[in-house]
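Chemist: Chains as they are written, first to last, in the working numbering: chain A, 1 to 156; chain B, 1 to 182; chain C, 1 to 112.
Treat each hint with caution, since some may be false.
What the hints assert, rightly or not - No farther apart than 30 Å at their CA atoms in a straight line, the calculated lysine-lysine pairs in the DSS-like style are these:
#1 K58/C to K136/B
#2 K120/B to K110/B
#3 K72/B to K17/A
#4 K68/B to K67/A
#5 K68/B to K72/A
Unchecked claim - Ranges between beta-carbon positions, derived for each pair:
#6 I86/A to K134/B: 20 to 26 Å
#7 H100/C to I86/A: 29 to 35 Å
#8 E122/B to L95/C: 48 to 54 Å
#9 Y119/A to I98/B: 45 to 51 Å
#10 L170/B to T105/C: 44 to 50 Å
#11 E122/B to M8/A: 54 to 60 Å
#12 L91/C to S89/B: 21 to 27 Å
#13 Y99/C to I3/B: 47 to 53 Å
#14 V25/A to L132/B: 44 to 50 Å
#15 N69/A to T94/B: 47 to 53 Å
Just so you know, these hints were derived from the structure itself, not from any lab. Glycine included, every Cβ here is placed at the ideal spot set by N, Cα and C.
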Amino acid sequence: MKQNNSGMTIIVKTIAKLVIYFISVFAFYITLTGHLTPGGGFAGGAIFAAGLTLLLLAFGKDILLKKFNYSKLNIADSLGALAFVIIGFCGFFFASAFLNNFFFKGKVFHIFSSGQILYLNIAIFVKVAACLFSILLLLSMFRILSENKTSKEKEK
Amino acid sequence: MEIILISLLAFMIIGAIIAIETYDLLSSVISLGAIGFALCIVFLFLGAPDIAIVQLIVEILSLVVLLKLILKREDKDDTVNYNNFSIFSVIFFTGIFITLAYFFLKEIHKFGNIFQTFNKGEIYSYYISNALEKIKAPNIVSAIILDFRGYDTLGEATVIFTAILGGLVLLRKIGRKKDETK
Amino acid sequence: MLIYILTLTLFLLGLYAIIAKKNIIKIIIGLAIIDYAINLFFILIGYQRGSIAPIIPKNSTIKNFVDPLPQALVLTSIVIGFSMLALVVVLAIRLYEKYHTFDITKINKLKG
Numbered sequence: 001m002k003q004n005n006s007g008m009t010i011i012v013k014t015i016a017k018l019v020i021y022f023i024s025v026f027a028f029y030i031t032l033t034g035h036l037t038p039g040g041g042f043a044g045g046a047i048f049a050a051g052l053t054l055l056l057l058a059f060g061k062d063i064l065l066k067k068f069n070y071s072k073l074n075i076a077d078s079l080g081a082l083a084f085v086i087i088g089f090c091g092f093f094f095a096s097a098f099l100n101n102f103f104f105k106g107k108v109f110h111i112f113s114s115g116q117i118l119y120l121n122i123a124i125f126v127k128v129a130a131c132l133f134s135i136l137l138l139l140s141m142f143r144i145l146s147e148n149k150t151s152k153e154k155e156k
Numbered sequence: 001m002e003i004i005l006i007s008l009l010a011f012m013i014i015g016a017i018i019a020i021e022t023y024d025l026l027s028s029v030i031s032l033g034a035i036g037f038a039l040c041i042v043f044l045f046l047g048a049p050d051i052a053i054v055q056l057i058v059e060i061l062s063l064v065v066l067l068k069l070i071l072k073r074e075d076k077d078d079t080v081n082y083n084n085f086s087i088f089s090v091i092f093f094t095g096i097f098i099t100l101a102y103f104f105l106k107e108i109h110k111f112g113n114i115f116q117t118f119n120k121g122e123i124y125s126y127y128i129s130n131a132l133e134k135i136k137a138p139n140i141v142s143a144i145i146l147d148f149r150g151y152d153t154l155g156e157a158t159v160i161f162t163a164i165l166g167g168l169v170l171l172r173k174i175g176r177k178k179d180e181t182k
Numbered sequence: 001m002l003i004y005i006l007t008l009t010l011f012l013l014g015l016y017a018i019i020a021k022k023n024i025i026k027i028i029i030g031l032a033i034i035d036y037a038i039n040l041f042f043i044l045i046g047y048q049r050g051s052i053a054p055i056i057p058k059n060s061t062i063k064n065f066v067d068p069l070p071q072a073l074v075l076t077s078i079v080i081g082f083s084m085l086a087l088v089v090v091l092a093i094r095l096y097e098k099y100h101t102f103d104i105t106k107i108n109k110l111k112g
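If we strip away everything but chain A, and leave its shape as in the complex, we get:
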């Protein structure tokens, strides 16, 4: 039976399996309190993409392609952008202009305050994380067939 020896050694795999949870919680925290502390959707999405890159480098691309199908990443990316545009059109229909901030602005320094900023942060988080990770997955799905032939294949 062929051993599963793609990716890195077993120490790296064990640590990656533990650390990914901390990275995910940190990314969610920075996104959700983006209107109170430094951070926001871009920083949180980039941190989550870096955590998924750690999994990709530790386990190899075959195991990760079983969980993260490339079309699922494209769907997540498009859903993030669609949520952004739908929130913008809510401002267009219920208030005066596109992306007008008409949502409920609560008290200052609470987490459910300041209108559409929280929801837009979540949409940007999904979009940026899916996009940055799919760039790296694209570069590792590429495979050189052999030294003689110059043709290549892209695995699906």
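Starting from the known structure of chain A, fit chains B and C onto it as the hints suggest.
Modeler: Structure of chains B and C alone, referenced to chain A:
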């Protein structure tokens, strides 16, 4: 304060010279990473913590991308360069740039006084006084990119999506031309 | 003023790498250095001496902040710079697959 910034910038310039001129390609990619980390520290000293987080993570990801290009392909830079045309064009464009930079540096405000720009800080005081009253968001940078200038964020989302689309198109299977196989 | 001159020197080094180097990896590194120099220059313009980062603190009435508008512009610029780098790396991979070299003086078989 300025001593720290100048020394970090000198470190970045030395790192850039090493990254451009060295013979080994792996060393130049690692020097590029060192420049990026020093830039993150400079952003922290200039009062931009939001930018420092994004710069750090994007620097790590671009190191991974560049290393995927270099490893298993060529490792050394053995090109011979410096013909006459390249030296002439470098001197020409550097001359144009230094001339325009001289006229620019006479007009720009001194480093550290933003109330001496040509609009005397009107836009700055508008954003700061309205971020807490109208939007009730303490993070002024988030209030700007998602409320005052939200349309720019939509444009940025489009640009990232276009980059992925371009990458996907370029890495398709070759099946069109017959003269690819030897 | 010296800080602006050093930043423009970093930009000029990146420009030199794009113009005068014959290896594609060095050209890509020059592109990344230009990206860093431009983002740094934007944040340098908005710095105010003796002031804090643009986050309003909870129970105090501090009113002098750094200019937040250049930071909002640079935030999207960094992510766009990374996408551009990834696209150029994909181009370099395709060129290597066809010509087996990174030297741009040997990439000259333009067929109709």
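Chemist: Give a verdict on every hint.
Modeler: Consistency of the hints with the structure:
1. Among the hinted pairs, K58/C with K136/B is consistent with the structure: their alpha-carbon atoms are about 12 Å apart, no more than 30 Å.
2. A threshold of 30 Å between alpha carbons decides the hint, and for K120/B with K110/B the separation of about 13 Å falls inside it, so the pair holds.
3. Restraint check: the Cα-Cα separation between K72/B and K17/A comes to about 27 Å, which is no more than 30 Å; the hinted pair holds.
4. Only pairs whose Cα atoms come within 30 Å are accepted, and K68/B paired with K67/A is accepted, the gap being roughly 22 Å.
5. Of the supplied pair hints, the one linking K68/B and K72/A holds, its CA atoms being roughly 23 Å apart against a limit of 30 Å.
6. With their beta carbons about 23 Å apart, I86/A and K134/B fall inside the hinted range of 20 to 26 Å.
7. Look at H100/C against I86/A: about 48 Å separates their beta carbons, and that is not inside 29 to 35 Å.
8. For the hinted restraint 48 to 54 Å between E122/B and L95/C, the CB-CB distance of approximately 50 Å keeps it satisfied.
9. At about 48 Å, the beta-carbon gap between Y119/A and I98/B stays in the expected band of 45 to 51 Å.
10. In this structure the supplied range 44 to 50 Å is violated for L170/B paired with T105/C, their Cβ-Cβ distance being about 23 Å.
11. In this structure the hint that E122/B and M8/A lie 54 to 60 Å apart at CB holds, the actual value being about 55 Å.
12. For the pair L91/C and S89/B, the beta carbons lie near 22 Å from each other, so the given range of 21 to 27 Å is met.
13. Y99/C and I3/B have their C-beta atoms about 48 Å apart, which keeps the hinted 47 to 53 Å range intact.
14. Distance hint check for V25/A and L132/B: the Cβ-Cβ separation is about 29 Å, which falls outside the suggested range of 44 to 50 Å.
15. With their beta carbons about 50 Å apart, N69/A and T94/B fall inside the hinted range of 47 to 53 Å.
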